[in-house]
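S.K.: Read top to bottom, the protein sequences are chains A and B. Just so we're aligned: 114 in our numbering is position 114 of the first sequence, and the numbers increase by one with no gaps anywhere. Just so we're aligned: 154 in our numbering is position 154 of the second sequence, and the numbers increase by one with no gaps anywhere.
FYI, nobody ran anything at the bench for these hints, they're computed from the structure. Take the hints with a grain of salt, since some may be wrong.
What the hints assert, rightly or not - Interface residues of chain B toward chain A, partial, derived using beta-carbon atoms under 10 Å:
hint, residue
1, Thr13
2, Val144
3, Val157
Note that beta-carbon positions come from the ideal geometry of N, C-alpha and C, so glycine has one too.
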Amino acid sequence: MTPEILRAIADSNQWWAIGPEMILGAAALALLVLEILLPKEHHRFIPTAAIVAQAVTLLGTLINFQTAWLGQETFAGMLRHTVYGQVARVFFLVSSLLVSFLATVCLPRTRMPRIEFYHLVMVVTAAMMLLAQSNNFVMLFVALETITIGFYILVSYFRDNPLSLEAGLKYLVMGALSSAILLFGIVLLYGAVGKVAVAGQTHTGLEFPILADFLRANPDNFVATVGTLLVLAGIAFKIGAFPFQIWIPDVYQGAPTPVTAFLAVSSKSAGIAVLLILVHGPLAALQPLLGPVLIAAAAATILFGNLAALTQRNAKRLMGLSGVSHAGYLLLGVAASLTVSWAIGAVWFYLTTYLLAAMAVFGVMAHLAGKDDADQELEGYDHLAKDSPLLAGVLAVGVGSLAGIPPLAGFVGKLLLFVAAFQARLYWLLAVAIVGVVISIYYYFGWIKTAWFETWRLPGAAESPGAHPPSTEPTLAGRLTLGLLALATVLLGFFQGPLGAWLQR
Amino acid sequence: MAAIFFYLFAGLTLGSAALVVANRNTVNGALCLLLSLVGLAGLFVLLDAYLLAFVLLLVYAGAVVALFLFIIMLLDTQPAARKPFKPLTLAAAGLGGALLVMGVLSFLTRARLALAGPAETAVPSLKAYAERLFTTYLLPVQVVGFLLLGAMLGVVVLSKKLDSAEKAR
C-alpha cells in the first residue's frame, strides 16, 4: 500500500466520533489506577466515581445527540454512525448506570473485590455501544467477544456461592459454543464473498456494504445462506431465543442480581441491536429466508418463555424465563420491521419500557435478597406491602409494566409491536403473541399477589418461613432511583411524548 | 530439493501425530504434538506462507502446547492401564476409519486436479499485515486490548484469595 492510501485510512480514524466509548474506557482504566493510588479507607468513594463518570458520559452523549458523524462511516468502514446507534448508546449508558446502582446495593453484602466489577461493567458497556454501530464483521466479533468475556467474569463474580460458579461455567460453555457458531457463520459468509487480504486489495468481504452488494446479486448462494443461518443462531443464543434459551434459567439464578439485570437488559438489547443492523443492512437481500425464520423463532420463543415461567417459584428464574418471552416479542418486532419500517422504532420503544420496568423489579430484588443471592423465592415477598410499601409499590408498577397492563409503559410498548405486526400481516404470530400475554398475566400477578395480599394460613400456623423484611433498607438515592423508574414507567404509559413520536418517524 | 523437504516435514508431522495418540505418557504426548506442529509450520514455509508458519509456531507451539503441559503437570495424571474399548466406540471408530479410507481412495482415483498451479498472486508480506493492523483495523486492535485486560482482571478476581481486608472495606 502506498503511503497516501495509508494516510487516507489513518485520517478516517476519527477518535472523537467514539467519544463516549473512549471516555468510558478511560474512566474504567482510571478506576483501577485509583484503587492502587488511594489509601484503603477512601476506596468506598470509587463506586461513586464510577457512577459519576457514567452519568457524565450519558450527559455528554445526550448533548451531542446530533453528532457530526451521523450517517457516516469512520475507522475505515469499521463503524457506521446512525440515529439508532445513538439511541443504543444512550440506552446502554442508562442501563449500565442502573446496574452500577444495583451493584452498590448488592456488593457490600459479600467479600468480593468491588472496583473490578465497575471496571468490567463500563468496559462491557463501551463494547456494546461499539457493537450497536459496527459496520464490519471484524468489529462486530471483537466487540461481541469483549462483551462475552466480561460477562463470563461477572456471572461467576460471587464465587463463594457455588451456584454463581456453576452459572459461570454454564455461561462459559454455552457462550463459547454460541461464539463458535457465530464465527463459523461469519467465516462461511467471508468464504462466499471475501478475498484474502493481499497487498493492494481494498476490501475483504467482511464489510457490511460489500456483503449486502454480494447478497443482492446472489440471493440464493448456498454457502452464504448457511452462513447467514449460523450467524442468526449465534445471535439467538445471545438474546436467549428458542431453541437456544437452554442456559437462561440457571445462569440468571446463579449470577449476582446486578449481573442478572445486566444480562436481561443490556445483553439482550445488544443482541437485538445487532440483529436489526444485520437484517436491515448486509442481509437485507435475504428477506424470503429471514422472514419465516424470524417468525418461527418469535412464535416458539414467546410460547416457550411464558409456559416455562408458569411454574417458577424463584424470582430470578422467573425474570429469566419471562425475559425469554420478551425476546420473543422483540423478535416479532424485528420480523415486522422487514416490511413495516417504523417497527424498528417500536422495537427500541419496547426495549426502553423493558429497561425501565425490569430495572425497577431488579432494584426491588436487590434490596430484598438475603445472604444467599441465588435464593430469592417468591415466598420471600410475603408481607412486602406491609414491611416496605415503597418497594412493594415499585414492584407492582414494574411487574405490571412487564405484563403489559394498561396504562403502564409496557402496555404501549406491546401495543406498538402488535400494531406493527398487524400491518405486516403477521396474523398468526400476533395470535400467538396475544396468547403469550394472557399466560404471562397469571405468573406476573401471582408475584404481585404474594407481595400485596395476605396468604391465608391455618390459624396458629407459623409465619411463612421465607418472609423477611428488606435486608438492605433503601438509601435516599435508592428510593429516588426506584421512584423515578416507577414514575417513568407510569408517565411513559400515558404520555409517550417526544420519545414515541421521534421513534416513530 | 523442495520435494525432499516436503517428505521430511510431512513425515515429521504424521509420525509425531501418530505418537501423540500412541503415547502412554501424556507429557510425552504433548511434546510430540509440539513436534507435529513444527512439521506443519515447515509445510507452510514450503508453501511461501511465512506469516502463517510463524503464527502457528508462536500461538500453537508456543502458547497452546505450553498451556496443555501446565494443565497436565497440574493434574499430575499417572499413565494408567488402557481401558478396553466399548463396542459402540469400536463401531464408531471403524465407521469413521472406513469413511476416511473411502474418501482418500475416491480422491486418488476420481479427482481431476488442475495440474497448473493457481494464478500467481502477490504473497502478503508481514509488512502488509502490520500496515493493516495499524490503519484499517486499529480500532478492533484497541478493543482487543481491553478484552485481554478484562480477561487478566477476571483471573485475578476469580482466583485471588479473599483476605479479611476485603471484608473490612
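S.K.: All hints, please: hold or fail.
M.R.: These are the hints, each one checked on the structure:
no.: 1; hint: Thr13; result: violated, 23 Å
no.: 2; hint: Val144; result: holds, 6 Å
no.: 3; hint: Val157; result: holds, 5 Å
Taken one by one, the earlier hints fail for this structure only at number 1.
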